[in-house]
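K.L.:
Sequence:
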Amino acid sequence: MQLNLFNEPPKVECFLLLSPPEHIKTRIKQQKVYLAKKIGLSRENRYALAHISLFKLYTNENDRAIVNTLKSALSDQGSFDIKLHGIEYLMHGAVSFSVCVKIANSTPITALYKTLTEVFRTKKVYYYPHLTIARSITINKYRMVSEIYKYVAIKEDFVCNVVSVLKRYLDEKKPYRKIYQAQLN
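Residue numbering for the sequence shown follows our numbering, beginning at 1 and increasing consecutively.
Warning: the hint list may mix true and false statements.
What the hints assert, rightly or not - Derived pair list, reagent style DSSO-like, types lysine-lysine, alpha-carbon separation capped at 27 Å: (1) Lys123 to Lys29; (2) Lys114 to Lys83; (3) Lys11 to Lys150.
Claimed, not checked - Per label pair, the in silico range of CB-to-CB distance: (4) Thr107 to Pro9: 31 to 39 Å; (5) Met144 to Glu61: 21 to 29 Å; (6) Ser42 to Tyr151: 38 to 46 Å; (7) Glu88 to Lys123: 33 to 41 Å; (8) Pro175 to Lys71: 33 to 41 Å; (9) Asp76 to Ala36: 38 to 46 Å; (10) Ala36 to Arg168: 39 to 47 Å.
Source of the hints: derived by calculation from the structure; they are not laboratory data.
Small disclaimer: the values here were computed from a predicted structure and weren't measured.
Using N, Cα and C, we set each Cβ at its ideal position, and we do this for glycine too.
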């Protein structure tokens, strides 16, 4: 999707994501609070809402084009079940790691990602769906965090029936704001 017709630098960042239901968001928030007390967490980690990232799109401001493209891409997309099962750690080299809730059935999310990245013509990158509790934790805290989650069993299922689009201006440090929620059939 070519939204930048005059080679101007992108002005906005749009973030496409899936949101779990409120009770799961609350549970993830509780985990963040607990981790913050035990190991300390950045402000960004403490206040980020639970979500499953799809991708970010950097473009000029054109909400209507993004919404229309998303509507078209999702016109035949049905809702699907997401099964959360357990805790996992994503390593970021030898420097840091993220603690996440594992998605047991990632195939429908990966298929949705593939469809949307093709339609929006975004750069293809390795994609691994997950629900982050906290990210970029320094590696020296790995043993402590893994002990905390040794006996934590997060096992939840929910129906994914919405793709959300958030937006923020690149030259501002303000949080994202929701511009659209696409309902899945």
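K.L.:
Could you say whether the range 38 to 46 Å given as a hint is met by the Cβ separation of Asp76 and Ala36?
P.N.:
42 Å, holds
K.L.:
With a cut-off of 27 Å on the C-alpha distance, tell me whether Lys114 and Lys83 pass.
P.N.:
19 Å, holds
K.L.:
Is it true that the CA of Lys123 sits at most 27 Å from the CA of Lys29?
P.N.:
Since the Cα atoms of Lys123 and Lys29 sit roughly 31 Å apart, the hinted pair is violated (cutoff 27 Å).
K.L.:
What's the verdict on Lys11 and Lys150, does the C-alpha distance respect the 27 Å limit or exceed it?
P.N.:
43 Å, violated
K.L.:
Met144 and Glu61, beta-carbon distance inside 21 to 29 Å?
P.N.:
43 Å, violated
K.L.:
Go ahead and decide if the range 33 to 41 Å is satisfied by the Cβ distance of Pro175 to Lys71.
P.N.:
About 25 Å separates the Cβ atoms of Pro175 and Lys71, which means 33 to 41 Å is violated.
K.L.:
Range hint 38 to 46 Å: satisfied by the CB atoms of Ser42 and Tyr151?
P.N.:
26 Å, violated
K.L.:
Taking the beta carbons of Thr107 and Pro9, is their distance inside 31 to 39 Å?
P.N.:
Given range 31 to 39 Å: holds, Cβ gap about 36 Å.
K.L.:
Hint says 33 to 41 Å; check whether the CB-CB distance for Glu88 and Lys123 agrees.
P.N.:
For Lys123 against Glu88, whose Cβ atoms are near 25 Å apart, the range 33 to 41 Å is violated.
K.L.:
For the hint 39 to 47 Å, verify it against the beta carbon of Ala36 and that of Arg168.
P.N.:
24 Å, violated
In the structure shown, a violation is registered for the earlier hints numbered 1, 3, 5, 6, 7, 8, 10, in ascending order.
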